[in-house]
Every structure is written in C-alpha cells, then in structure tokens.
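Participant: Please model the complete structure; the sequences and the hints are all you need to start from.
4 protein chains.
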Amino acid sequence: MSLHAQRRKDLIHNVCSIPEESAKEFAEKWNIPKYTASMKEAVEDPETDIVIVALPNYLHKEAILMACKAKKHILCTKPLALNASEAKEILDAVEKAGVFHGYLEDLVYTPKTLKAIEMVKNGSCGRILWTRSREAHSGPHSAWFWDKKQSGGGALVDMGCHCIEIGRSFIGKDIKPVEVMCWAETQVKPIEAEDQAIALIKYENGAISQVEVSWNFRGGMDLRDEVSGTEGTIRLDHWLRTGFEVFTTGSTGKYISEKAESDAGWLFPVGDEVHALGYPDMFTDMLDSLEQNKIPRETFYDGYVVNAIMDACYNSAKTKKWEPVELIGWRGKEGISSHVDLIEFDEKHFLIKKEKMPDGKTKLMLKEKSSGNIIQRVIQG
Amino acid sequence: MSLHAQRRKDLIHNVCSIPEESAKEFAEKWNIPKYTASMKEAVEDPETDIVIVALPNYLHKEAILMACKAKKHILCTKPLALNASEAKEILDAVEKAGVFHGYLEDLVYTPKTLKAIEMVKNGSCGRILWTRSREAHSGPHSAWFWDKKQSGGGALVDMGCHCIEIGRSFIGKDIKPVEVMCWAETQVKPIEAEDQAIALIKYENGAISQVEVSWNFRGGMDLRDEVSGTEGTIRLDHWLRTGFEVFTTGSTGKYISEKAESDAGWLFPVGDEVHALGYPDMFTDMLDSLEQNKIPRETFYDGYVVNAIMDACYNSAKTKKWEPVELIGWRGKEGISSHVDLIEFDEKHFLIKKEKMPDGKTKLMLKEKSSGNIIQRVIQG
Amino acid sequence: MSLHAQRRKDLIHNVCSIPEESAKEFAEKWNIPKYTASMKEAVEDPETDIVIVALPNYLHKEAILMACKAKKHILCTKPLALNASEAKEILDAVEKAGVFHGYLEDLVYTPKTLKAIEMVKNGSCGRILWTRSREAHSGPHSAWFWDKKQSGGGALVDMGCHCIEIGRSFIGKDIKPVEVMCWAETQVKPIEAEDQAIALIKYENGAISQVEVSWNFRGGMDLRDEVSGTEGTIRLDHWLRTGFEVFTTGSTGKYISEKAESDAGWLFPVGDEVHALGYPDMFTDMLDSLEQNKIPRETFYDGYVVNAIMDACYNSAKTKKWEPVELIGWRGKEGISSHVDLIEFDEKHFLIKKEKMPDGKTKLMLKEKSSGNIIQRVIQG
Amino acid sequence: MSLHAQRRKDLIHNVCSIPEESAKEFAEKWNIPKYTASMKEAVEDPETDIVIVALPNYLHKEAILMACKAKKHILCTKPLALNASEAKEILDAVEKAGVFHGYLEDLVYTPKTLKAIEMVKNGSCGRILWTRSREAHSGPHSAWFWDKKQSGGGALVDMGCHCIEIGRSFIGKDIKPVEVMCWAETQVKPIEAEDQAIALIKYENGAISQVEVSWNFRGGMDLRDEVSGTEGTIRLDHWLRTGFEVFTTGSTGKYISEKAESDAGWLFPVGDEVHALGYPDMFTDMLDSLEQNKIPRETFYDGYVVNAIMDACYNSAKTKKWEPVELIGWRGKEGISSHVDLIEFDEKHFLIKKEKMPDGKTKLMLKEKSSGNIIQRVIQG
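Residue numbers (our numbering), protein chains in the order written: chain E, 7 to 387; chain X, 7 to 387; chain G, 7 to 387; chain D, 7 to 387.
No wet-lab data here; the hints were simulated from the structure. Among the hints, erroneous ones may be present.
Note that the list lumps identical chains together, so a pair holds whenever it fits in one copy or between two copies.
Claimed, not checked - 16 Å max Cα-Cα, derived EDC-like pairs, lysine to aspartate or glutamate:
hint : residue 1 : residue 2
1    : Lys77     : Glu101
2    : Lys360    : Asp269
3    : Lys15     : Asp294
4    : Lys326    : Glu185
5    : Lys327    : Glu185
6    : Lys359    : Asp153
7    : Lys324    : Glu185
8    : Lys375    : Glu198
9    : Lys367    : Asp294
10   : Lys77     : Glu50
Facilitator: What follows is the structure in structure tokens.
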C-alpha cells in the first residue's frame, strides 16, 4: 500500500530535442540528467528503457522505427501517424519487433471518462445509441501544427483523434466502425487545413458517434462528452464547468488563471489541469501494463484504427458522401447487426412507450402486431 | 402601462375537435363558450377572428385552405405541412387570401432564445460560424405522431423543425440554407419513421447549423442550444439545468413533479413550463402584430423554408450525400460568400493567433505573406 | 380559456411622484393617462381602485393611512414599514378600514419558488430542518435606500425581508418564529447601516432559517435559496446560473446585457428578468384574490411578521445574543415542539443510519434501547 | 522530472489495529508487510519513520505522546484532539520532542481549494469579507463517531474542523479568530451530540467565516465553499456538481456508483474521489516538507487553533451568545483592525457605488464629506 501522494518513482532520464540548446534548457528546467539533439543517441542509449515519442506528427514514424530497431519499448502521442497507411506500417513494425507499444490517448484516461466507461460497461446506459465528443479551443501552441504537411491535417487531426477514441470507448472498442460522414472547413484562420469539423461515425451495431472540433472557439477550452443509450445518458464536462467558479474585477492587475481567455469577469479554472486531462492515469496504465506484461488500454492498434477513421473523414469531406472505414486486419467482432427493440406488451401488441401523466394515470403507446397500427391506451396507476 | 400579471385579455371562443364528446369535454374543462365537431362550422362562425390550427400534421392544409376561403386570420402549429410542396401551396393560399398568418414556432420565442438572438444581432458573438440545437425526449404524447402517414415523418418532423428554425434565427433568417446532410435511423422503437436523427445545414455564408433529435432519450426532456462565432459563444439549457434542483427520497409517495422521468433521486423541475417553452411571448408577438399590422417573427413563409430543409434532410438520409435545399421564391439575401478572416499583423505577416502564456509572455502565430509559411514568435507582455 | 400571451388587462391609470416633472415624464414614457405630485389627489381620485405604494420605506405609513381613509385597496412593496410597531399600526389600520391589502413580496412568487413551496407542501423534502436564502449584489439603485433614516436599515431591510419570507414559506407560515441571532456589519461602504448581514431564525418546530444578505457582492446579483429536510433537499438559483451562458470578447463595443457587472468574458443573462423576479405571478395572485374575494398569499400581516423578525435581528446584532421575536397577535399554530425521529429497528434497537457499501453489503448504525450505546452491524444486501 | 503517474514511492510498512484479526485482514488486503495489535510495537519498530494516527479522536493523544517518546515523525487526522486543552498538550509535546508534525486536514488540499487559495493570495478577490464552507451528508461510517465520548462531539467535530480551516485559509492563517457564534442541535438522529450546526467565526480584520455542517443531508455528500471579497468571489463544488452527470433507469440491476444515495435517476459521480478529497496533494506536501525540512501547510499548531475555535462554538451553542476564541500563544498578526473603504471621488465626495444603466449612462452614489448625506448623480458614459 502506498500513500496517495504524487511523489512519483518513474523519471525521465534523457531528453532529445533540436536545436541542442532547446534540449539543454528543457533538461535544466526539469532536472533531467541527459540531453541530446541526436535522436539516435537518445534511442540507443543503453539506459533508455522506454522511448516516448512526442514529436511533430510527421516525425513519429522515423522515431518509432528507430526505437523498434533498438528493441526499446515505445509510447507515442496522438495521432499515431499522418494517415492510416503510415500507422499500419508503424503497427507492423512494433509488433514484429515485439516491443511494448502504448498509444498516449490521454483524454480516454481522464478520471471522469474512465469512470463513465466503467458505468457504461456495467450497463447503466443500456444499449449505446449515440455518443458525442466535442473539443474546441483557439488553436494549437506550436507552429508546426498549423502546417498541414507536418501535422497531416487541421483541427480534426489535432483533436478529432481524441473524440473518435472516446466514442469508440463508449460504444465498445470491439465494435467495428463502418462508415463516416464528415464536414470540414476553414472558416476563420488563414490556413490550408480545416479549423472546424464535424464527423459522424457509424458502427456496425447501429450506434453513431459524433465528433465536433474547432480551432475557432472563444471562451477557453471546451471539452465535453455525452453518451446516450436505451437506459441512460451521461454528460461530462472536463474543463469549463467543473465546480470551480470565480468572478474577479481583475483590478489587482496580477496573474489570475491559466488558459482562460480573459482575466476578469467570470472565470472557470480547473483544479488540477494535468489530472483533469488524464495524464496520471494514462502513465499509470502504461507503466503498470509494461511491468505486469499486460496490454494497456490504448495501443498502436488503436492508433491505427483512429487514423483509418480520420482518413475516411477527410475522404468524406471531399466527396461529400458517406465513406467506408478501410481497416486491414480488424481484430474485433464482426457481423453484429443493428436492431430495433421489440418489447412484448401482450399477445396482440408491442409496447412503444409508457408515460406517467399528471393526473396519475399511465398512457401507453402500443403497436398492434397484426396491423402494425399504433394505438394509445390510458390505464389507471 | 399595465401590471405584469398573467391576467390575459385574449380568449378562446370556440373549440373544434372530433368526436364531438371530446370537444365538449375540452370546452367544459377550459370554460370555452362554444364547441363543435365540424371544422367548417367553427371556421365560418362569424365570431371567429382567428383560426388556430393545432391538428395532426396531415390535416393542416385542409384547415388552412378552409380558413383562407372564410378570410380568417390563421395561426398554425409546427411543422406547417407534411412536406415543402404542400407548405408552398399553403403559403400561396394565405398570401392570395390576404389573411394574417403566423407560424407557431414556440421554441424560437423562449425568453432565453429571444434574448440570445438579440445578443447575436448586437454582435456579441461576432460572425456566426456554428449553431447546434438539440431536442430529445422519450417520444410524443399522441398516437398519430408515431404514424408516418399522419405526421410526415418521425423525430425530425416532430422536433427537427424547432432546431432548424433556432439555427436560422441565430445565423440570420435572410441567409440562404444551401445544402443539407442528414443521418436518420430507427434505432429503438418498432416504428417506420426515424426515432433519432442528426442533420447538418450549410448556409450560403459558410455557417453550419447542427440539428440533433431523438425519441430515445432517457432522463426527461433535453432542450439545449449553442451558437458560436468569431467573438463569442452562447449556451442555452431550457429544461434540465435551469437553476432548480431537487433531491427526494420519494418516500412520501405523493406526486412530485411533471415530466420528470423519475419521481425520486435528483430531479430538475422547470419553474414555469409554459413560459420556458415560449408560448406567452409567441402569442404576444402574434396578436400584437395582427393588431398593429406588422409581420410577426414567424410566418408561413418560415414554415415553408423549414419544410424545404426537412425535405432535403430526408432526401440526404436516403442518398447518403449532401443534398441541395430546393426553395421556390427565396426572399432573403443571395450571393453572400463565405470567407476567411485575414488579420493584418505587419507588412509581411498575417496574424493567426495570439496567446498569453503562464510566464506572462505572449506567443504569436504568424503567416508570412510571401511564402505562406507559419511561424511562431514570442514577445514580452 | 385564454391564450398564454402577456397582453395584460390590468392598467395603471394614475401615477403620483415628486417633483411633478418626474411624474409627468413617467406617465408619458409608460403611457399612463394621469399624473400628479399630490398623493391625496391620486389616492382620492374616484377612478382609483387600488393604491400601489412603491415609496421610500419611511413614507409607507402615511400613504397607507391615507388610502385606508379613502377606503381604497392597497398593495405595498417590501418592507411594509420601518419597524414592527409601525407595521402593526398599518396592519390594524387596513383591517379596521376593511380594505384589501397585499404585501408585494415578489421573491416568494418566482415560478421556481412557487413550485418548490408546492413540492415541500407535498412532502418531497419530509420534515423541514433548515432553509437558506441568500441575496447579494452591489447595492440599491436609489439614494434614499443608502440612508438609514429613510429606509430603516441597510442590506437586511433591503433584502433580508425577502429571505425571511422565503424561509417562512418553506418552513410553514403557520409555524411561529421564536428567536433570532444576527450578525450585521458595515464592512465596505461608507454608510451608517450594515452592508452585510447573516441571521439565523429559529422556529417553534425546531427548524432553522438562515438569511444572508450583502451589498458588497461582486459578479452580478446572487439570488439563491436552499431548503433541506428529512427526505430531501432543494436548491434554487434565480439569477446567475439559470441555463443561459455567454462568452463574448466584448470587441464589438455594443451594449450586451443588463445588470451584469462586466460586459466581456463569461456572462450569465436571465431570459425574462421580470418573470424570474416573480412580478407576473405576484400581481396575478393579488388581482385574482381581490376579484374572487380571497386572501392573497402575502398580506400586511405577513409584512408585520417580517418586520418583527427584522427588529429582533437588529436587536440581536446589538446585544450579541439570541433575541426573541416579539409578535402581538400571532395567528398561526402554537405549542409545536421540535422532536427527534426515533425509527424502530427491532425490539432492542433504534435505527440511526443505513448505508449501502461498495461491496454490496449494507452497514447499519443502531442504538441499543437499553444501554443507549451505538453499535454497527453489517448485513448482506 | 517524473511522469504523472500515480505509481507512488511512499509505502505503508506496518499497520496497527485492534483486534489483531482486523489488522491482519487490512495488511493482507493492501499488501502491507507487517501488522500488529500493539500500538507500542508499531510505534517503536525501528523501521517506522512516520507514525500516521488515524484513530478515534479520543485516542489521538495517547498515540502521539507515544510517538513523541519514540522520536518518530507524526501525521494525525482531524480533529487533532477532543478539545483545545488536549490539543495544546499535544502541540507542546511534539514541539518539545522536535519531531515533524503534520495535521491531515485533507479538504484544504483539494486541487480546487489549493488553486482558489492561490488566487485569493494573488488578490483576485480583493479584501476578503466573508467565507462559507458547507459539509453535509448522512452521517459517519464508524460507530465510535456517533458517540460523543469517543469523538468529542457531533457533526461540528466531524466536519466543522474542515470548514473552519478552509475559512482560515481564505481569510489568512495569520489573521486571529476573535469570537464565535454557534447554533448546534440534534434535529433528527437519536444521539446526544448535534447532528446539525451553523457557526459564524469573526476574525480580527472584520472578515466573517460561516460554517455549515449536517448529518441529516439527503442527496449524497454536499461539499461546497464560497469566498467573497471587495474585488471578487469564488464558488467551489467538490462533489455534487463537478461536470459529471448520469441518468440511469437502474434497470440493469448492477452496481452503479459509490456514495450516491440513490442508484437510479440522475446521479453525480466524482471522477477520482480520493483526488477530489485532497489526499494526494496533502501527502505530497507532508512528505516533501519532511524531506526538505520545511513546515507543511497544516501543522499541529493549526489543529490546535481549530480545536480552540470548536471549543468556542460549543460554548456559544450553550450560552447562546458570541463567545471569545481562547488561544494560548497566538503566532499570527495582532492588532489588525477592520475598516471601511473610503474611495475618494472628488474634493467634496466619497464614492459609494458606480453602476452602468441600460441607457448607457452611469449612475453614481456619492457621500458628501461635509454633511455625510448620500446623493445620486447620473453622468454620460
């Protein structure tokens, strides 16, 4: 048993960045023993157990292949690759090398999301019909992410990958994403990639997963998820309405709160930002899984599925039609059909709906089996 | 000046319903002087000033044409007609007859929506980029609404008409809806029509309006709207989170609250349901407009536009492609192009983004005019 | 049956104010037929049915006595009088004159409060143990209210009267307020009266009602109520969190929203302010009661009880002790004792608490009847 | 630099509990190497670095004195002691022994509270005028806490200690608590101690801290704090409204969520309960402070101050008057007077209030320096 402190035992031993000056600064700031500008040197360092790839998207493949060659375990940030074909290449490489691979999809690991997934698995919401995941803010921090060639896309690649994987986690990661419809547009920013997008992902069991992303949002950072099923519904707000509300005149002129767009008026800080974004739970899963020889919640296979869905999204945005998700080597269930619930009411009727009315009576909507007609009936109690 | 009481001066004088027994009961319950089972009799009654059409959708046309013939003013519930072509016929009829026509789109008239529309018009949100309107509950109260032939469709026809008009009101009712993408499915209920649908409506100025409807929602009635623009964002919750929260063990066994799905645990009643749904403000606008010879906020022309958008939705749900909105006689603006904002930073750069960082410095994302490359620059203050 | 419009039938026919110029301006602005600077003239006007007293507190008595003499019905704003003895004099006068008297305690009439009172009466919260009513903003609009001689006090007289009556309405207006403890201080403003106060009011049945008022609040207007009982709890927010949320950069420089302290950042407008403050429901009750010869929800007797409680508050703030509420002619129940609930568990034990544990078992806290000792017992299911 | 995992380095090596069987079970469940029923054995074990006292309140002193004798560092749960005199004895003992002492006041360490305290220190709320801390649920888990002799009191001792220390943290822990007014009652439960209490604590600088506790709350666990000052206000909700909302029909019959009072209808789970209650941040501060030879945020001195305030509360509840807080050896500031802000408007006036009106004008409330009269003035802009 350990104390619930944040006094961690897993340390970063080496940081690689270019130019070297930048690596040096980072190492000094965070008290990291080694630094280098050579990826090869960092990866092949015998003291390196795990390579954490947190590079611009277009460099993921190079770094991962290098780590595979050195037989190092690998954790890689999202999205796994620029597209599905590159992601597949990466997946094949780590599996061939036999190294541990974790896909750093932090937003699936927020404490709220983890508990919500658990509740959904326990049946609290019944059969899942619909999910929505929304991520919106004023745009990324790094210049490379605004350049489609380096990032692979815009708001969809930046944040859609989170939304897609949150949807999959609620619907069931063994349920096949079948086809995709996507709208993606550059509405505001003078860039090539989309700064706003909406996607619908249809799963084989008939569930639909809705993705909303934007780099044009005003008011801070909007991170919300919803899931709805035959027996219940869940709403999560990770950032703007978490039970922390501040009004300030701002008259003191001092620094007030991180990441809020304004520094006066009503502000909504988050207590522990890193925790609310899922990092502690994510690294715990990754490192525990590695030590205990288990498969973590998110692997490169999941990263590949996400890339395949995003490819279909971009395809659909162009063709303006639903487009199939092309998956090579699907590892989940197949042939699951969507269906409509027929609830037997009596010999002659199915039950459509039952509603308590203000006068205490109950109104029933029934479907006659023989005719298919819908009738209403009011009963006592 | 009058007192802010609900003591109203506009009365219902005649009710028509079938069978006559039902009309009689209603008249007695609400203290209405006359009742009849004959639509003709009610409409042609010389005391009838205004005909309010609150019939199953498939009967709207018949009633309205009859009222036109009798030169009576007409208020009609939503949706105006089963489809756009029928709606156009209705619109042409009232305009030819020269009678007053009001489209009873109550949810555009909720006090929150009215104030939000005003704020949007005043520029609080800048250029509108996106709206979302969501309406979800466990399904309609009347048997006829579950039957596609009588209603014209399912959840989309029942509630999508509200969502569409709320979106139009935020984006601008003079901005042309251009094309539509829609997913509609029967996920749960044993009916022919869709019980869940999502639609995207693209406007000529590049704004997108998102519609979400469901008859499968658990947890009461979900009525929420959002609008987001270059300078701001608005979120409205009309029903489930309005500042009224109740926990009860339910142990008293007494009647607790209307329309909540459960009668124990945490409940969220609405203070004044009729007011929250927009009825008082809607009838005030209608009757004031009639008296003052003004055009009300919502006319049959709006009803026609909504029907045209819904037709495109059903079309898209079938073809699985974006489908154009076919509008005969568009009365708003035309030729408005969507555009990207170019904000001049200096002679050589456009500004993409400006962000205050925790260390007090400001990070700029700039686009080089000559190369099109995106660079970042950190400045003091 | 009438339509749910706000087209009202009750009109203001005469306005009296000084100087006459001000009465004239008001009459013109609101289209009121008559105006005068003479209270006598307005009151004695044969066309005057009801006198509405909306004067500085220190003038209530004079106006009401004048109306009594003219045998006019009277509605008077809160507080009824400067203190309980003046309030008693007023109450005696209207009762002797036999005129209709309504105490315009609007915040008891907000749609949320009315529905919450109904739920409490229906038993949703069981036996009421505690209520809290909070009212806080940046101070009154009129100069006279900042002057103790004209108003009778500070924040407590301004807003405490609302909070007290809300508490009474939840606990039961027939339950006697017994004693009071109050802290009142001038914390910020350069005035004689208190700008912040907290009071506890103990009722004969053991319930406690907590009052919080402030003229020093930043962030808009804080209007919240809570009530808690053996079977449930209710929370009301009337102003700041009612399901209407706006973020705006404020860059348009246009007028944005009433009563918000800031005009940029996150704002929380109220849809229909007049409605949310209870005015329509209040005047409806008053005028319907007058017409139907009924006693309205709030009469001058209630105004007198509130003044008596406020007197006890000021007394307690001075003596720093609990002080009795002095009521001449209490009209409610008497001799109701507070009590502790003894729930029989079995022959030998009372039940204190029952709690479901994560492992599915149930933990019981029991009190041994013989020894009075408290023991715990864990059972299956 | 370390990873944000919860993989902790600080472990529990020995557990002491009676009967030994219970210690054994606990040790096995949590994988703790040693267990014992002998407090002496556990404390004197040479491997024991720190003694964590998590015993019924009446046993704290014995355990701490034993640890002092063995020169072990000590962390002790709240409240420190049964009363102030016992707390002082404990404080003197640890200071004499020279051991590290940490007061395990977890709710001061919740991520929200820590960030809010930081904002208050940075001046976001200006001069603090008022705080309120509320803690309410259905009563403690352990039988001993229901027995006044073992716990020292009721809801106030159980949860008031949290509320008091949260108030102190906002107002300033160097500001002297001067006097106390408290109401405490046994409203529901068949016990000797109070199951509901409200206390007001006045600080030397004029700030007031309000404490609300209850063992009678229905609806889960109510943990809310507010702080209000001349320039701002903060509201925290730690448990019931944190951005996690679930509706479930409960029809699956499976386990749904911890600590909720109901398992159907709307539920409000907390993502990471241990984290939301402050444990990780608390132990981090304690252990880092010990290693770095610093004083932690909460020491036994703070525990003593809290006990002294609680003694004054119980005293006041009996005498029904404000009672002084008796503190031996106050270590903070002294002689700080409360004051009223005088804001110079011009040579002849102080400014009381400035308010933007809907017509765009500004209304000023001014106090004439010479006469003390309050006047209003309306200006443009």
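Participant: Indicate, hint by hint, whether the structure satisfies it.
Facilitator: Status of each hint after checking the structure:
In this homomeric assembly, Lys77 and Glu101 come within 16 Å of each other (Cα to Cα) only inside a single copy, at 11 Å, whereas the closest approach across copies is 55 Å. Only between protomers do Lys360 and Asp269 lie at most 16 Å apart by alpha-carbon distance; the minimum there is 15 Å, versus 50 Å within a single protomer. For the identical chains of this complex, Lys15 and Asp294 are neighbours both inside a copy (12 Å) and across copies (14 Å), given an alpha-carbon limit of 16 Å. Taking the shortest alpha-carbon separations for Lys326 and Glu185, both the intra-copy value of 13 Å and the inter-copy value of 11 Å come in at or below 16 Å.
Taking identical chains as interchangeable, the C-alpha atoms of Lys327 and Glu185 lie at most 16 Å apart whether they share a chain (10 Å) or sit on different chains (13 Å). When the C-alpha separation of Lys359 and Asp153 is checked against a cutoff of 16 Å, the pair qualifies only between copies, where the shortest distance is 14 Å, while the shortest distance within a copy is 52 Å. For the identical chains of this complex, Lys324 and Glu185 are neighbours both inside a copy (15 Å) and across copies (15 Å), given an alpha-carbon limit of 16 Å. Taking the closest pair of Cα atoms, Lys375 and Glu198 come within 16 Å of each other only across two copies (14 Å); inside a single copy the shortest separation is 56 Å, beyond that limit.
For the homomeric pair Lys367 and Asp294, neither the shortest alpha-carbon distance inside one copy (55 Å) nor that between copies (30 Å) is at most 16 Å. When the C-alpha separation of Lys77 and Glu50 is checked against a cutoff of 16 Å, the pair qualifies only within one copy, where the shortest distance is 9 Å, while the shortest distance between copies is 48 Å.
Hint compliance for this structure: hint 9 is the single one not met.
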